[in-house]
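Q: Top line first, the protein sequences correspond to chains A and B. Okay, so the first sequence: first residue is 974 according to the working numbering, each after it adds one. Okay, so the second sequence: first residue is 241 according to the working numbering, each after it adds one.
Treat the hints with caution; some may be incorrect.
To be verified - Chain B regions said to be covered by chain A (calculated; three or more residues, Cβ under 8 Å): (1) 449 to 455; (2) 487 to 493; (3) 499 to 507.
Stated by the list, open to error - Once the Cα atoms are required to be at most 20 Å apart in a straight line, the calculated SDA-like pairs of lysine to any residue come out as: (4) Lys1113/A with Ile498/B; (5) Lys1087/A with Tyr505/B; (6) Lys1113/A with Val509/B; (7) Lys1111/A with Asn500/B; (8) Lys1113/A with Tyr421/B; (9) Lys1111/A with Asn350/B; (10) Lys422/B with Thr1106/A; (11) Lys510/B with Val1118/A; (12) Lys1087/A with Asp443/B; (13) Lys1111/A with Leu503/B; (14) Lys1113/A with Ala501/B; (15) Lys366/B with Ser332/B; (16) Lys1113/A with Gly508/B; (17) Lys1113/A with Lys422/B; (18) Lys422/B with His1089/A; (19) Lys1087/A with Leu503/B; (20) Lys422/B with Tyr1114/A; (21) Lys1113/A with Phe507/B; (22) Lys1113/A with Leu349/B; (23) Lys1111/A with Tyr421/B; (24) Lys369/B with Glu402/B; (25) Lys510/B with Ser1088/A; (26) Lys510/B with Pro1117/A.
If you are wondering where the hints come from, they were derived from the structure by calculation, not from laboratory data. Given the structure is predicted, the values throughout are model-derived calculations rather than measurements. In this text, a Cβ means the ideal position worked out from N, Cα and C, and glycines have one as well.
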Amino acid sequence: MKFFLFNILLLLQSFLFAQSDWKRWEAEEISYQRSDPHRSREYSFEFENISDFSVKIFTNSYWFFISEVDGDNCPYSPSCSSFFIASVRETNPAQGLLMFFDRFTRDFNIFNRKSHYPHFINGQYFDPPSLYTLEASKIKYTPPVLLTSDK
Amino acid sequence: MKLFFLIAIFTFSLIFVKNLSAQNEIHSPKNVKLFADYLFCEKDYLRAAEEYQKLNGGSMNDTVAYKIALSYYSSYNLEKAKESLKLINKNSIFYDESILESLKIQYLLNEKFNIEYDESLIATLKDEKIHSAFLKLWFTTNLRYPLPGVIDSEENFLDVFEEPLKSMAKELFYLRYYPNYKNPETAGILSAIIPGAGKFYVDEIGDGVMALLTTGIFVFLSYDNFRADHNFRGWLFAGISSLFYAGNIYGSVAAAQIYNARLDYDFGVKLNLFLEDNNFFIPHINFCK
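Isolated chain B, as found in the complex (with noise of 0.2 Å):
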């Protein structure tokens, strides 16, 4: 009976001891990457940056570093995808990358670029691809917060773009550099002469017509008013009129500010969809192959 309860105390405790170390092995750097990976090819990567963090010491290396911010870029945290490439330094495979991955979120977070273009940086671009990506895509942003001396002139602008993409970076530089801007002071000045004119100068013909015909209408009431000795409604009536004939030049110029407001708009709408539809121009990398 003694036997045969010490047989199953060591039983017991040989499943016990395995258990344990199991349930460490389930949680060992190696085991952690392997779990974070899988959750990065299956694009849960909230998760796999979560799970990449865990990793420290000698686990932790430039290519977990680069995943945890290409995880939290796509998971739409610009500001720890952006602490993240920090991390990658000049020796790194990923070195090349990261700069332009600082480069794209610098510019999706709106910040004035702190990445100094000059000769000391392109020549840490070891890449000739790179090189050139980084090109397309330093000269692209700059286009939207432009930096002095930057974009010189067409030539130099267009001169980094290959054939398909030169047709729609010119559409683009031509839209930056010379919009179809309306002048706010003309608007105004035409529609004093003309009401509703200025209106039409800005695209806006219903408004331009409603402002027309309204100030036309209490403009010949008055008149009428006044012809027949009403002179109290004639007063009233040229009073209003006089109001819409200003609020109509107060309005044509804020029409005009508005119009260059939409042309703007739609210059960073056309922009943000030529760098998404290039993929910012960043090689892309397949971890999961």
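With the rest of the complex left out, here is chain A (with noise of 0.2 Å):
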């Protein structure tokens, strides 16, 4: 009695796990392609104030002029144009212009960016606009060494 209650048992088991006609085991689809940041971005023209209206402007025709033409190739982590947003909001637009214009003549250096910058696994090199803004006190210098982040 004992054996046979425990072979119903085996059995109702594997009907009840068995694969079923309606729900094939089949591969996932996994996209191994990287996102692409280009397609992110956001070109309307929505603005609060005049400044983040010239901001706008600029962002714009750099990305359409410069980052759409050189595709993701900037070695900077913010990126020139992210840089550029982040200087206007941390000081203001005529000043975030001139840390725009100073961190784009760097990012024609290519020597010794290694030792110069810490930077990220995938390569780029990590430059805060807080390290330009000319207040003392925000300066907080990281050395150039590998950093442990997610990027």
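Taking the hints as your guide, dock the two standalone chains into a single complex.
A: Okay, here's the thing in structure tokens:
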């Protein structure tokens, strides 16, 4: 009797958890493509004040004429356009523009970057606007080491 | 049968009572301390601190309080270590060490020192070695967080160090009081005279060359277009070159500030290494012989 019950339970289990016809086991489709930051760019001209508007014009022009043509090649994090937006937010449009042109000049320099900037595992160099606001108290110096972050 | 039953009950109750008392004995203060000492010597500091804290009343003494502080310090819980050190009073044999440990922890917590350096504190430090260690630690930590009147001169600072340490102490003193800072204004003026010169001044040679090239190229493009009567393009390139020029002056000032911040950072790293290499000048007490 026990043997009979054991077999029934075993059979029942295999019926319950068997692969069904209406739900096949399939390989999951995984995308190995990298996300494209170009597609997520917000080109709209929504603004709250005239300063935002001028920043938006400058940023959109930079994306259109430089970033889109160059591709995802900015060696820095934040990228030059993000750096400009963050600089303007942290200071003012005039100072932000100067910070951007300084960053743009540094972008041309391909020598000794690794010994100068802290970098992420993806090779991008960490260069935040807070270092360039001319307020000594805001400067949090980071040595040129590999940063452990999810970047 | 009755007799057998009674004997069995008696035997079982004896075993039960014995087990109960054995259980109590396991958690006796003496055993807790032994276990905590074992954990301490095995460098399992966090659990050692927890076990030591189970002791109270007569079992808690200054040795245990000092070991709790050391355990918390070793498991990077500086706040709790600081609290434990407060339990050690002036009559304790660990009082001198506790002063040194407190100073070390305040330094590591980046706190403003609240230990007043005066004759009365010196008088409380009984041991000559501890006195010398305190002076070393006090003067070195004052390099980082200076209190007025502590370090008057180079001689006054270096006098407390003996020879193998003296050269490093001297280097640290010079890094602190005579740092090779770059003047941000000078960097800006240099870049205004020759684009990129301010970057050269702060050792950013590559950035300086690039600043000179970009400004130069756009100035040339502007000049060339004006000469060819392409006024719009002439003004366009003139505008871009002036932005690069102004950006470079700004960037040179910022680069000088970053250079100075780097010097401060390097000084901090060297100072920490000096203190850590010398165990903050605190004599090591071997509790695990």
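Q: Determine for every hint whether it applies to the structure shown.
A: Taking the hints in turn, this is what the structure says about them:
no.: 1; hint: 449 to 455; in the structure: holds (count 5)
no.: 2; hint: 487 to 493; in the structure: holds (count 5)
no.: 3; hint: 499 to 507; in the structure: holds (count 5)
no.: 4; hint: Lys1113/A with Ile498/B; in the structure: holds, 9 Å
no.: 5; hint: Lys1087/A with Tyr505/B; in the structure: holds, 18 Å
no.: 6; hint: Lys1113/A with Val509/B; in the structure: holds, 14 Å
no.: 7; hint: Lys1111/A with Asn500/B; in the structure: holds, 13 Å
no.: 8; hint: Lys1113/A with Tyr421/B; in the structure: holds, 17 Å
no.: 9; hint: Lys1111/A with Asn350/B; in the structure: holds, 18 Å
no.: 10; hint: Lys422/B with Thr1106/A; in the structure: holds, 17 Å
no.: 11; hint: Lys510/B with Val1118/A; in the structure: holds, 17 Å
no.: 12; hint: Lys1087/A with Asp443/B; in the structure: holds, 15 Å
no.: 13; hint: Lys1111/A with Leu503/B; in the structure: holds, 16 Å
no.: 14; hint: Lys1113/A with Ala501/B; in the structure: holds, 8 Å
no.: 15; hint: Lys366/B with Ser332/B; in the structure: holds, 11 Å
no.: 16; hint: Lys1113/A with Gly508/B; in the structure: holds, 13 Å
no.: 17; hint: Lys1113/A with Lys422/B; in the structure: holds, 17 Å
no.: 18; hint: Lys422/B with His1089/A; in the structure: holds, 17 Å
no.: 19; hint: Lys1087/A with Leu503/B; in the structure: holds, 18 Å
no.: 20; hint: Lys422/B with Tyr1114/A; in the structure: holds, 16 Å
no.: 21; hint: Lys1113/A with Phe507/B; in the structure: holds, 14 Å
no.: 22; hint: Lys1113/A with Leu349/B; in the structure: holds, 18 Å
no.: 23; hint: Lys1111/A with Tyr421/B; in the structure: holds, 18 Å
no.: 24; hint: Lys369/B with Glu402/B; in the structure: holds, 13 Å
no.: 25; hint: Lys510/B with Ser1088/A; in the structure: holds, 19 Å
no.: 26; hint: Lys510/B with Pro1117/A; in the structure: holds, 16 Å
This entry satisfies every hint, going by the numbered hints stated previously.
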